[in-house]
Amino acid sequence: MVSLKNITKTYNHGTVKAVDDVSFSVEKGELFGLIGPDGAGKSSIFRMLATLLIPDKGSATVAGHDIVNDYKLIRSKVGYMPGRFSLYPDLSIEENLDFFATVFNTTVKENYHLIEDIYVQIAPFHKRRAGRLSGGMKQKLALCCALIHKPTVLFLDEPTTGVDPVSRREFWEMLKRLRQQGITILVSTPYMDEASLCDRIALIQHGRILSIDTPQGIAAAYPNSLYAVKATDMPRLIHVLSTYYPHMHSYLFGEVIHLDARGMGGYNLPDELTQFLTAEGFADIEVKPIAPTIEDCFINMLVRHDT
Amino acid sequence: MTLREPVITVENLTKRFGDFIATNAITFDVYKGEIFGFLGANGAGKTTAMRMLCGLSVPSSGRATVAGFDIYRQTEQIKRHIGYMSQKFSLYEDLTVAENIRFFGGIYGLSNHQLQSKSKALIERLGLQAERGKLVGELPLGWKQKLAFSVSILHEPRIVFLDEPTGGVDPVTRRQFWALIHEAAASGITVFVTTHYMDEAEYCNRVSIMVDGRINALGTPSELKQQFGEPSMDGVFYQLARGAKRGD
Numbered sequence: 001m002v003s004l005k006n007i008t009k010t011y012n013h014g015t016v017k018a019v020d021d022v023s024f025s026v027e028k029g030e031l032f033g034l035i036g037p038d039g040a041g042k043s044s045i046f047r048m049l050a051t052l053l054i055p056d057k058g059s060a061t062v063a064g065h066d067i068v069n070d071y072k073l074i075r076s077k078v079g080y081m082p083g084r085f086s087l088y089p090d091l092s093i094e095e096n097l098d099f100f101a102t103v104f105n106t107t108v109k110e111n112y113h114l115i116e117d118i119y120v121q122i123a124p125f126h127k128r129r130a131g132r133l134s135g136g137m138k139q140k141l142a143l144c145c146a147l148i149h150k151p152t153v154l155f156l157d158e159p160t161t162g163v164d165p166v167s168r169r170e171f172w173e174m175l176k177r178l179r180q181q182g183i184t185i186l187v188s189t190p191y192m193d194e195a196s197l198c199d200r201i202a203l204i205q206h207g208r209i210l211s212i213d214t215p216q217g218i219a220a221a222y223p224n225s226l227y228a229v230k231a232t233d234m235p236r237l238i239h240v241l242s243t244y245y246p247h248m249h250s251y252l253f254g255e256v257i258h259l260d261a262r263g264m265g266g267y268n269l270p271d272e273l274t275q276f277l278t279a280e281g282f283a284d285i286e287v288k289p290i291a292p293t294i295e296d297c298f299i300n301m302l303v304r305h306d307t
Numbered sequence: 001m002t003l004r005e006p007v008i009t010v011e012n013l014t015k016r017f018g019d020f021i022a023t024n025a026i027t028f029d030v031y032k033g034e035i036f037g038f039l040g041a042n043g044a045g046k047t048t049a050m051r052m053l054c055g056l057s058v059p060s061s062g063r064a065t066v067a068g069f070d071i072y073r074q075t076e077q078i079k080r081h082i083g084y085m086s087q088k089f090s091l092y093e094d095l096t097v098a099e100n101i102r103f104f105g106g107i108y109g110l111s112n113h114q115l116q117s118k119s120k121a122l123i124e125r126l127g128l129q130a131e132r133g134k135l136v137g138e139l140p141l142g143w144k145q146k147l148a149f150s151v152s153i154l155h156e157p158r159i160v161f162l163d164e165p166t167g168g169v170d171p172v173t174r175r176q177f178w179a180l181i182h183e184a185a186a187s188g189i190t191v192f193v194t195t196h197y198m199d200e201a202e203y204c205n206r207v208s209i210m211v212d213g214r215i216n217a218l219g220t221p222s223e224l225k226q227q228f229g230e231p232s233m234d235g236v237f238y239q240l241a242r243g244a245k246r247g248d
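Protein chains in written order, with the UniProt record's numbering: chain S, 1 to 307; chain L, 1 to 248.
A portion of the hints provided could be inaccurate.
Where chain L lies over chain S, by a calculated footprint (3+ residues, C-beta under 8 Å) [what the hints assert, rightly or not]:
hint, region
1, 52-64
2, 82-95
3, 160-167
4, 226-233
If you want a taste of the chain S side facing chain L, the calculated C-beta under 10 Å gives, among others [stated by the list, open to error]:
hint, residue
5, Gly-14
6, Pro-37
7, Pro-190
8, Met-192
9, Leu-197
10, Gln-205
11, Ile-238
12, Glu-255
13, Leu-269
14, Pro-270
15, Asp-271
16, Glu-272
17, Leu-302
18, Val-303
These are computed hints drawn from the structure, not numbers from a lab.
The beta-carbon is built from N, C-alpha and C at its ideal position, and this holds for glycine as well.
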């Protein structure tokens with residue numbers, strides 16, 4: 001449904017490489033996540049696929065059409081929700097929605113079933129101007145406007161950035177229901193915990209794809225054993241671990257420390273570490289093998305790239 | 001922290017906008033050198049509360065002091081004794097690293113002499129020697145955020161307010177940023193921080209969670225997890241914020 005081949009995009013006369021030789025494809029009906037921090041090149045990829053930017057190199061198709069030659073055909077088939085709020089702030093909720101339906105030669109009534117779920121949540125405020133809505137309501141309206149012409153592909157650029165964890169969960173529930181209706185969704189996010197909600201993900205940093213797979217596949221490819229370590233005095237614990245075991249990468253992860261046991265294959269790490277930490281004066285020591293999260297995988301790839 | 005010296009005291013602090021009570025009689029203290037996580041759903045009233053504490057908005061009722069200064073009458077003193085940084089407002093992109101340091105240091109009232117030595121030390125500590133003449137707009141986001149934080153505490157304020165400082169930053173840089181926060185707290189600066197990353201709530205000494213204008217939970221992360229019977233702060237937050245009636 002979406003396919004990119006060796007796409008490169010530079011800015012400032014080639015001095016800034018935003019997207020660097022990126023290739024991937026999204027199957028029909030798939031919920032595909034582009035996961036990476038700000039500045040990784042996610043928005044540039046969306047703008048090219050939405051036919052708003054032309055790549056320097058490479059080619060891409062959306063719904064079977066070339067993004068450069070067939071841009072007009074693509075525009076009627078995609079829904080695009082940019083990272084920055086881009087509706088008309090001085091039109092009301094209702095007027096914005098009507099406007100986008102009209103631009104695409106359709107009516108709100110015709111495709112109401114697609115947005116009903118989401119629209120009922122903002123319908124009580126339908127006369128309110130879009131510029132005066134809360135962040136969450138703006139986000140829901142933007143999604144409705146991106147859907148109202150019944151697109152076959154939906155591009156969502158960081159729809160949950162700056163949104164609290166509860167609202168983020170609700171938003172992902174909406175995406176799952178949209179996918180059930182057969183819409184292909186390409187979504188980007190800087191929140192690693194959202195990766196597990198996608199069918200497949202691409203981890204991206206500095207304009208390059210680090211890895212593409214299902215979230216389970218990426219976790220399974222984690223190269224080393226990973227442990228969660230916990231004890232009294234966590235600040236000293238992280239210091240001691242990085243001082244005495246510098247070859248293993250240790251980092252804070254919520255209430256525990258994650259320890260990547262690179263090169264420690266032959267050791268019984270939990271026993272060894274518990275002994276060592278006891279001797280160092282720690283109490284309530286816990287060392288547990290754990291399954292890596294997508295965030296662990298991302299950290300591992302960034303650290304490996306740096307060294 | 002043997003002697004718990006309060007640097008922020010808040011008592012029934014309230015802000016109304018017409019009929020709407022954005023911040024509804026909140027009460028808490030924050031202590032010297034503490035990392036205090038100020039959490040809540042979008043629209044819960046965090047920003048309004050923070051604006052009052054920074055001396056940018058006059059409360060409707062209630063009392064509060066920040067660094068010993070009254071938030072009704074001594075707002076100018078407050079501004080001089082705090083640092084502030086957010087993801088949205090940090091540094092000037094079209095000034096260089098050195099110019100930004102000089103500009104903000106000047107605004108915070110540092111002398112030329114102080115500026116010179118502090119600027120040099122800061123650039124060295126962050127390893128930005130090669131970048132000092134570069135425009136801040138050319139730095140990667142992670143560097144920008146680390147620099148913005150360091151600049152916000154250049155004048156050694158008693159308190160620094162951080163409003164979602166790590167939004168959109170990669171997971172490695174996010175942890176480096178928290179190392180800076182811990183360093184600042186260890187040097188005695190009180191850190192008042194908002195975040196939507198629940199793992200970061202674990203890095204705070206204490207956390208408050210606002211729901212519909214009120215503080216519905218306040219304690220250390222382990223106290224809160226125990227109180228709400230949840231294994232993680234994510235679960236605690238979800239239990240509380242799910243019941244929210246307003247905002248988003």
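Each hint, compared with the structure:
With 0 residues having a beta carbon nearer than 8 Å to a beta carbon of chain L, the region 52-64 of chain S misses the requirement of three or more and the stated coverage is violated. As drawn, the region 82-95 of chain S meets chain L at 0 residues by the rule of a beta-carbon pair under 8 Å; below three, the given contact is violated. Coverage of the region 160-167 of chain S by chain L holds in this model, with 7 residues showing a Cβ closer than 8 Å to a Cβ of that chain against a need of three. Residues of the region 226-233 of chain S with a Cβ under 8 Å from some Cβ of chain L number 0, which does not satisfy the need for three, so the listed coverage is violated.
Among the interface hints, the one on S:Gly-14 is violated; its C-beta lies about 15 Å from the nearest C-beta in chain L, farther than the 10 Å criterion. A distance limit of 10 Å between C-beta atoms decides the matter here; for S:Pro-37 the minimum to chain L is near 4 Å, and the interface restraint holds. Checking S:Pro-190 against chain L by beta carbon gives a least distance of about 5 Å; that is within 10 Å, so the hint holds. Evaluation of the S:Met-192 hint against chain L yields a held restraint, the C-beta minimum of about 6 Å falling below 10 Å.
With a cut of 10 Å, the hint placing S:Leu-197 at the interface with chain L is violated, because the nearest CB-to-CB distance is about 14 Å. Given hint, S:Gln-205 at the interface with chain L, holds; its Cβ is 7 Å from that chain's nearest Cβ, closer than 10 Å. Using the Cβ-Cβ criterion of 10 Å, the hint placing S:Ile-238 at the interface with chain L is satisfied: the shortest such distance is roughly 9 Å. Hint status for S:Glu-255: holds, given a least beta-carbon distance of 4 Å to chain L, under 10 Å.
The interface hint given for S:Leu-269 is violated, since its Cβ lies 22 Å from the closest Cβ of chain L, which is over the 10 Å cut-off. For S:Pro-270, the interface hint is violated, the least distance from its beta-carbon to any beta-carbon of chain L being 20 Å, above 10 Å. Residue-level restraint check for S:Asp-271 is violated (minimum Cβ-Cβ distance to chain L is 25 Å; threshold 10 Å). Interface restraint check for S:Glu-272: the shortest CB-CB distance to chain L comes to about 25 Å, outside 10 Å, so the restraint is violated.
Contact between S:Leu-302 and chain L, as hinted, is supported at the beta carbon level, the nearest pair being about 5 Å apart and thus within 10 Å. Interface hint at S:Val-303: satisfied, since its Cβ lies 7 Å from the closest Cβ of chain L, which is below the 10 Å cut-off.
Checked against the numbered hints given earlier, the structure breaks hints 1, 2, 4, 5, 9, 13, 14, 15, 16 and satisfies all the rest.
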